[in-house]
Amino acid sequence: MKLDPSFIWTAFLQLLSVIPTTLYITIVSVLVGFLIGTCVALIRIYKVPVLYPVAAGYVTFIRGTPMLTHLLLIYFGLPMIIDGLAVHYGWSFRAASIPMIGFAYISFSITAGAYMSEVVRSGLLAVDKGQLEAAHAVGMTTPQALRRIVCPQALAASLPNLSNSVIGMLHGSTLAFTVSVVDINAKAQIVASTNWKFFEAYLAAALIFWGLTVLIERAAALIEKRINLYNRGGVA
Amino acid sequence: MGEPFDFSYVWSFLPKLLSTLSTTLLIVVSSLLAGIIVGFIVALPRLYKVPVLRTLSEIYISFFRGTPILIQLFLFYYGLPEILKLVQVDVTRAPVLVFVILTYGLHTGAYMSEMIRASVTAVDKGQVEAAYAAGMTGYQAFTRIVLPQALAIAVPVFSNLVIALLKDTSLAFTLGVMEMTGKAQTLGAVTQHFIETYIALALIYLVISFSIEKLLGMAEHRLLRHEDRNSPVKKTFGIHRNRSYRRIIAEMESGKGGVGL
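For the record, the sequence lines run as chains D and X. Counting from 1 along the first sequence, just add 117 to a position and that's the residue number in this note's numbering. Counting from 1 along the second sequence, just add 76 to a position and that's the residue number in this note's numbering.
I should point out that these hints are in silico values taken from the structure, not numbers from a laboratory. Possibly wrong hints are sitting among the right ones.
Claimed, not checked - No more than 25 Å apart at the CA atoms, straight line, and that leaves these computed lysine to aspartate or glutamate pairs for DMTMM-like:
#, chain 1, residue 1, chain 2, residue 2
1, X, 92, X, 205
2, X, 161, D, 341
3, D, 246, D, 341
4, D, 342, X, 134
5, D, 246, D, 121
6, X, 125, D, 334
These numbers come from a predicted model, not from an experiment.
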């Protein structure tokens, strides 16, 4: 094996075609995860009776185990549950008709939900209690106060964490290869083994991920600047 | 898929998986040590603003934080022998574990250096000034004043990093290392009881990360003795701040998800 710099470019071009798959997985898991995370965070902040221990257990379990085990558990466990239910209730739907990428979406959303809930929670907790009290004092209801006063500030406070989570999910999406989804990592593996040029192919993949990560960071910095406008010190 | 679900298998798989726990912990501990050393070396140029070295360490951190650990594993496993071949060093016979530990060490090193930098800069500047005013030298001020406080700030981030590292080691199976996840996959393939093996696997990881978190939580408590110990008042409802400001700062800067990603 000899190092072949020109192959890095060849591999790079071939990898470009699968960037959308990686991005789909990332975006779907982040968006669904954000929804789950917000629900879980609100349950935990308001200590909703029955749901509170469930939410806490969910977050602990997900954050205490590797993302890979979530994916494998969903991949092997979900078909069993669905098929069991389908036989029991006589549905025509079978787990085999779920596309492979569906498992990645489901499991990564569940993973992202737990991490997002911590992001949302720390963001909400970072807002001074006085803000909520002031909102109540001028006659807003709690939902109004949350929507108009707390959430914008919480979003600004949690933006760095949010971008870290997005990057985390982007990097986590490389695990999708274990359920035979062809994302950047899997494609790099294919390109590498068909051409017997492993180093070059993975270097190209690394460069793509590096670029994507830097892009996300830059975008987050821009949004943060915009969203923190209200927070400038000094005279108006 | 596979055999019908039978929960009793979870118990019988636990000891089998635990037999490979030592490999997992070996990877965690050795790459943690490597990571701390690398982290210090990388953090120093940024703390002291050494011209060229600073840029280099920024690139290093950006690369290791900007690419997935899985890609890094493959990159080092396949790339390092080729690069070393150029300087006439043959490492093709080195055990896989060496590459794995090296990669995880360098990966953690990048996060460690960020942690070190963040916690040193988080110590109030007035503290150093006060130390100087009291007549301490720069070295004394660092070891007596800055370091103890920086340590306390770093602990929550450190605990997140250790847990993140523990969970990342589950990827070492891709290079054929027989650690817990690799063992779980072979067990699943042999017995066709996939779900039970993965439940057992998840349980083990959960217990380990939980104990790491608790242990380091105790360490943090001890290191923060100097802070005010009136426990914050718990408000019954709504948005509140009931944790130390430092803990929030630490979480904000960790960059690698809580009980990590």
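The hints, checked one at a time:
{"no.": "1", "hint": "X:92 x X:205", "in the structure": "violated, 57 Å"}
{"no.": "2", "hint": "X:161 x D:341", "in the structure": "violated, 46 Å"}
{"no.": "3", "hint": "D:246 x D:341", "in the structure": "holds, 22 Å"}
{"no.": "4", "hint": "D:342 x X:134", "in the structure": "holds, 22 Å"}
{"no.": "5", "hint": "D:246 x D:121", "in the structure": "violated, 60 Å"}
{"no.": "6", "hint": "X:125 x D:334", "in the structure": "holds, 23 Å"}
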